[in-house]
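Below are the chains, spelled out letter by letter.
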Amino acid sequence: MMPLLVSIAIKHLLARKRQSVVSLMGVVLGVAFFLAISTMMLGSEADFIRRLVDNTPHIIISDEYRNPHPQPVETAFPTGAVEIRSVKPETETRGIRGFNRILDYLCGLPDLKASPALAGQAVVSFAGKDVAISLSGVLPAELASVSTIQSYMTDGAITDLIANPDGIIVGSELMRVLSLHLGENITVAASTGQIHTFKILGVFHTGRASYDESQTFVALKRVQSLLGRSNRVNSIIIKLADPYAARDMAARIEAHIGYKALSWQEASEDIMSTLMIRNIIMYSVVSAVLIVAAFGIYNIISTVVMEKQRDIAILKSIGFHAVDIEWIFVTQGVLLGLVGCATGLPLGIVLMLILESFKFRVPGSSDPISLPLDWGWYQFAIAALFAFLAATLAALLPARKAAHVQPVDIIRGAS
Amino acid sequence: MAIVLRSEHLTRKLAGDVPVTLVEDISLEVREGEFLAIIGPSGSGKSSLLYLLGLLDRPTEGRLWLNEVETSGYGEDELADIRLAHLGFVFQAHFLLPEFQALENVMLPMQRLRRLSPGETEARAQKLLADLGLAEQARKYPHQMSGGQSQRVAIARALANDPKIILADEPTGNLDTKSSGVVQQILKNLAHTQGRAVIAVTHDPGFAALADRTLKVVDGRLSA
Chain H
1 MMPLLVSIAI KHLLARKRQS VVSLMGVVLG VAFFLAISTM MLGSEADFIR
51 RLVDNTPHII ISDEYRNPHP QPVETAFPTG AVEIRSVKPE TETRGIRGFN
101 RILDYLCGLP DLKASPALAG QAVVSFAGKD VAISLSGVLP AELASVSTIQ
151 SYMTDGAITD LIANPDGIIV GSELMRVLSL HLGENITVAA STGQIHTFKI
201 LGVFHTGRAS YDESQTFVAL KRVQSLLGRS NRVNSIIIKL ADPYAARDMA
251 ARIEAHIGYK ALSWQEASED IMSTLMIRNI IMYSVVSAVL IVAAFGIYNI
301 ISTVVMEKQR DIAILKSIGF HAVDIEWIFV TQGVLLGLVG CATGLPLGIV
351 LMLILESFKF RVPGSSDPIS LPLDWGWYQF AIAALFAFLA ATLAALLPAR
401 KAAHVQPVDI IRGAS
Chain F
1 MAIVLRSEHL TRKLAGDVPV TLVEDISLEV REGEFLAIIG PSGSGKSSLL
51 YLLGLLDRPT EGRLWLNEVE TSGYGEDELA DIRLAHLGFV FQAHFLLPEF
101 QALENVMLPM QRLRRLSPGE TEARAQKLLA DLGLAEQARK YPHQMSGGQS
151 QRVAIARALA NDPKIILADE PTGNLDTKSS GVVQQILKNL AHTQGRAVIA
201 VTHDPGFAAL ADRTLKVVDG RLSA
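Heads up: the protein sequence lines correspond to chains H and F, in order.
Residue numbers for the first sequence follow the numbering used here, beginning at 1 and rising by one.
Residue numbers for the second sequence follow the numbering used here, beginning at 1 and rising by one.
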């Protein structure tokens, strides 16, 4: 039965080859563009998040509390009318207290790498120029496991700091500003007034000018003594095996240790919502293409139904059911959808390959870059499913109309 | 001979601002092997009567029996099934599907009924065409054939499921004298040699003269 209806459907479409091909092209291009555009958008999003996730710690524990400690009197009399004004916290050395205990706790958590750091401000004086820098005291052996800085090194390595505790790693921009060379010494003055001379052991270049100019890395012990905060750190940097677990993990850590633990999602919430909005825009634009294609299908099938009134009447008078007639025309939509997908998906892949081969230079940058693309089976599934559904639904309306043709009305008019 | 088709007080009215009566109070009987001609002036309601007898249209009043089975309670799909298995139609315009070859057109009702295997279906279609002198035309499309040939293909299609009753609506209306004579002879043979009931609407007196019985319809009613 179905083969008969399908063969009638195919003959109807073949009888109007040109129009069938035009409406088919609508589906084909719709599917192909859907794939190409969504690949680019998702690719750029993934690229963006990758940079975000890789270059920032997944979780930073800082030496702050999210909320101030409640005053003991307020805890003692929760229902009392207590007001305390002009509370002055006790002066103490800033930093995370008992960070070793926290690190022990963190090491017990699965899929997590943590490394302490102490950051402070300092000034480099060289040849009459003063440049403010951010001095990060790190554990060189551990830094590589929580940061991607090693991959930006153009000379030397972070681990060179292990062999020479009086070494410093600086950015390419600082080197240029102060006309420094690898192996030279620079003098750093901390805000406490202490001065120390470091030897340049390595240079990194991230491409972010302010970072390359101001960021420096030295051994943790040196910074602790320079800033007069021995045995203190003011942040713990955490990398996770699964970056997307950061939000939950941060909440868990913060609940346990009390210090503020900031996940990368929380730190870049604005960017995440921007990306979300971008996705919504992309999907609506791309869906519009397919909806327009669906109108093309509606158009051709309506035309076929109008032209085939006589055939519908004769089929019904022979003894075909209304549902058989409906199937004939729905099948036409399904066929256009299927063939459209079958042609559109490969065309989409071709478009993606072309896009992937593009290389261009961003003004001011020396490295040619290619478009970030993200291929996923689900994009193919969405494109195929949406095109297929649109084609089928577009066929359904004219098919219903065809099913309700009364043969007598047509035969009476034609005889 | 058994009665295959019987109607009582068959009436068909069209509702609307100006109600129209197409067929009024027609009672008749048709037997196996009978060739019945329905004649009457244009617009007299003879075609409308044929559509009612062929279950293409429903009467507003009256009843209709097909092989002694009352049909008024049937739904649209059940009526379609009866048309498929028990009735064959031939219209003035041949109404062949233009994208299908003559043979495929004849096979359609059999493919819908699915009583025969695909092989048997094709063999039967070939035989039906050959019997009507169309063996050569089997693989031709409707636009490649003459009017007379197309009408004979339409008759072959009407015979596909071996129906007891053939209904023909001005079957020779579009044909030249020679083709028309051939078609008339075929219809007559269907009744007299194959034992089918043939009901033909016509306004060709020569054609009506071949019939066993002639009914005249005037203004929707049978007239003597």
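Hints were generated in silico from the structure; no laboratory data involved.
None of the values given here were measured: they were computed from a predicted structure.
All C-beta atoms, glycine included, are put in the ideal place defined by N, C-alpha and C.
Heads up, some of the hints might be wrong.
[To be verified] Cross-link-like lysine to aspartate or glutamate pairs, in silico, EDC-like; alpha carbons within 16 Å at most:
no., chain 1, residue 1, chain 2, residue 2
1, H, Lys401, H, Asp248
2, F, Lys13, H, Asp111
3, H, Lys17, F, Asp25
4, F, Lys164, F, Glu99
5, H, Lys11, F, Glu32
6, F, Lys164, F, Glu32
[Unchecked claim] Chain H residues, not near chain F, derived (Cβ > 12 Å throughout):
no., residue
7, Lys11
8, Phe48
9, Asn55
10, Phe126
11, Gly258
12, Ala288
13, Thr303
14, Phe320
15, Pro346
16, Pro363
Which numbered hints fail: Violated hints (numbers, rising): 1, 2, 3, 4, 5, 7, 14; every other hint is consistent with the structure.
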